[in-house]
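For the protein sequence lines, the chains are P and S, in the order given. Mapping to my numbering: the first sequence position 108 is 108, numbers consecutive. Here my numbering runs 1000 ahead of the position in the second sequence, where the first position is 1.
Hints listed in this document are in silico derivations from the structure and should not be mistaken for laboratory results. Positions of the beta carbon are idealized from the N, C-alpha and C atoms, including for glycine. Honestly, I wouldn't trust all of these hints.
Stated by the list, open to error - A few chain P residues that face chain S, going by a derived Cβ cut-off under 8 Å, partial list only:
| hint | residue |
| --- | --- |
| 1 | Leu21 |
| 2 | Asp24 |
| 3 | Phe66 |
| 4 | Phe109 |
To be verified - Between beta-carbon pairs, the in silico distance windows are:
| hint | chain 1 | residue 1 | chain 2 | residue 2 | range |
| --- | --- | --- | --- | --- | --- |
| 5 | S | Asp1062 | P | Pro8 | 37 to 43 Å |
| 6 | P | Val12 | S | Pro1018 | 41 to 47 Å |
| 7 | S | Tyr1039 | P | Ala2 | 17 to 23 Å |
| 8 | S | Val1013 | P | Asp18 | 19 to 25 Å |
| 9 | P | Lys57 | S | Ser1106 | 35 to 41 Å |
| 10 | P | Ser62 | S | Glu1067 | 34 to 40 Å |
| 11 | P | Thr98 | S | Thr1068 | 33 to 39 Å |
| 12 | P | Pro8 | S | Ala1001 | 30 to 36 Å |
| 13 | S | Glu1054 | P | Gly97 | 37 to 43 Å |
Said to hold, decoys possible - Residues of chain P clear of chain S, computed beta-carbon distances all greater than 10 Å:
| hint | residue |
| --- | --- |
| 14 | Lys11 |
| 15 | Gly28 |
| 16 | Gly40 |
| 17 | Asn51 |
| 18 | Ser58 |
| 19 | Gln84 |
| 20 | Leu107 |
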Amino acid sequence: GAGVSQSPRYKVAKRGQDVALRCDPISGHVSLFWYQQALGQGPEFLTYFQNEAQLDKSGLPSDRFFAERPEGSVSTLKIQRTQQEDSAVYLCASSKGTGRDANTGELFFGEGSRLTVL
Amino acid sequence: AQRVTQPEKLLSVFKGAPVELKCNYSYSGSPELFWYVQYSRQRLQLLLRHISRESIKGFTADLNKGETSFHLKKPFAQEEDSAMYYCALIYSSASKIIFGSGTRLSIRP
């Protein structure tokens, strides 16, 4: 498909379980973002990649959260030892260029992965 | 700290009435602001950005640096405008984009 693809769409995990969320950005997009969106809230920034380089991970809430994009394309967000407060929709977005480029900075979002931790 | 504030969680107006969705920001540098929209059962998508100074679907937004605001306006609301609207800010030093908490716009027939 031509859009950003995320999998799984829904994930139910028991507390303490590890989860991995995948993002397939639009082909050729340089920038990739992960956001966490809790119910009734806006997307909260987690981390940002430019190609394979993780340029900003200031939004990762704890060292249980880890993200990678080893070949500058597909990205995985891993959450270890999940807690109930990790329950949220995790959004991935990509853009052709960097965010401040008016021509290529538009973010294209995936449908999100809804994580429920019991 | 950099912040985007959308004071209204819900805004309900009648069809044909004017709409104004409020957005205030806190940022010490040169801001670049956007409005993103999420229609029912669709993905979050860009509506407009201040640097383009364009009108999209009848919506406009003007950056007011004095009031640190970027309110979204439309003179005559339509039912298809019902959606969640998010104001977003990009830092000048990087490509980090932060979002407000969103306003749900409901247009009554």
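Checked hints:
no.	hint	verdict
1	Leu21	16 Å, violated
2	Asp24	14 Å, violated
3	Phe66	18 Å, violated
4	Phe109	4 Å, holds
5	Asp1062(S) x Pro8(P): 37 to 43 Å	41 Å, holds
6	Val12(P) x Pro1018(S): 41 to 47 Å	44 Å, holds
7	Tyr1039(S) x Ala2(P): 17 to 23 Å	19 Å, holds
8	Val1013(S) x Asp18(P): 19 to 25 Å	46 Å, violated
9	Lys57(P) x Ser1106(S): 35 to 41 Å	37 Å, holds
10	Ser62(P) x Glu1067(S): 34 to 40 Å	37 Å, holds
11	Thr98(P) x Thr1068(S): 33 to 39 Å	24 Å, violated
12	Pro8(P) x Ala1001(S): 30 to 36 Å	34 Å, holds
13	Glu1054(S) x Gly97(P): 37 to 43 Å	19 Å, violated
14	Lys11	19 Å, holds
15	Gly28	17 Å, holds
16	Gly40	8 Å, violated
17	Asn51	12 Å, holds
18	Ser58	8 Å, violated
19	Gln84	21 Å, holds
20	Leu107	7 Å, violated
Of the hints listed earlier, those the structure fails to meet are numbers 1, 2, 3, 8, 11, 13, 16, 18, 20, in rising order.
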